[in-house]
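Participant: Okay, here's what each chain looks like letter by letter:
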Amino acid sequence: DSGVTQTPKHLITATGQRVTLRCSPRSGDLSVYWYQQSLDQGLQFLIQYYNGEERAKGNILERFSAQQFPDLHSELNLSSLELGDSALYFCASSAGLGYNSPLHFGNGTRLTVT
Amino acid sequence: DAKTTQPTSMDCAEGRAANLPCNHSTISGNEYVYWYRQIHSQGPQYIIHGLKNNETNEMASLIITEDRKSSTLILPHATLRDTAVYYCIVRVEAGGYNKLIFGAGTRLAVHP
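So the sequences go chain by chain: R and C.
All letters in the first sequence, in the order written, are residues 1 to 114 by this note's numbering.
All letters in the second sequence, in the order written, are residues 1 to 112 by this note's numbering.
Looking at chain R on its own, in the form it has when it is part of the complex:
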């Protein structure tokens, strides 16, 4: 158990809808990362927050947004969903920002868009 909690585990929704994925980082970790894993793309970095502030962006679509709250949990919002958004979404957390601070991943939310 990595200590990172993601909810829900599974989500099935229709095209055009909006969903929110939630992540609780490990106790004491200030940084949260979101990754997307689809069958044909591998693990893609989406976005990173540190202590409530956005710190780095990857290949995140404009339809997607995220935030980190004062209690350090994070939410990833996906809107105007398309079939291609079906994927596993992983959250990770780390204690700090440095190279020497490992990321620890949750077990993901499996999103299916029909």
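What the hints contain is simulated information worked out from the structure, not anything from laboratory work.
Incorrect hints may appear among the rest.
Stated by the list, open to error - Under 8 Å between C-beta atoms, here's a sample of chain R residues computed to sit facing chain C: (1) Ala56; (2) Asn59; (3) Asn100.
We put the CB at the ideal spot given by N, CA and C, even for glycine.
We have chain R already, so just place chain C on it with the hints.
Facilitator: Chain C only, in chain R's frame:
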């Protein structure tokens, strides 16, 4: 970005050591090498990381060459539960921030 090159797949007999190689010839002086694994569709699991010295923990050993251009992850006594995709990653700095960029990894199959 410092890229890594890994074999696409490897086999290992149960109980034997699994040695997973990784090339990272463009690594910079302050970049760490990280290893993760992913079992089926679970979240990537942190294994070990290092800068230039060899490292060992309860899961594995990491051997980094003196020039830092390659490394080897060693699972000393592989079990069936070690069957997974193993990712060798150089932690990348971009725009003052650093993140993990995953490649395709090595699919390790441990067989009886």
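Participant: Each hint needs a verdict: does it hold in this structure or not?
Facilitator: Results for each hint:
1. Ala56: This hint holds: Ala56 of chain R lies near chain C, its Cβ roughly 4 Å from the closest one there, short of 8 Å.
2. Asn59: At about 11 Å, which exceeds the 8 Å cut-off, the nearest Cβ of chain C leaves the hint on Asn59 of chain R violated.
3. Asn100: Holds: closest Cβ of chain C sits about 6 Å from Asn100 of chain R, inside 8 Å.
When the structure is compared with the earlier hints, a violation turns up for hint 2 alone.
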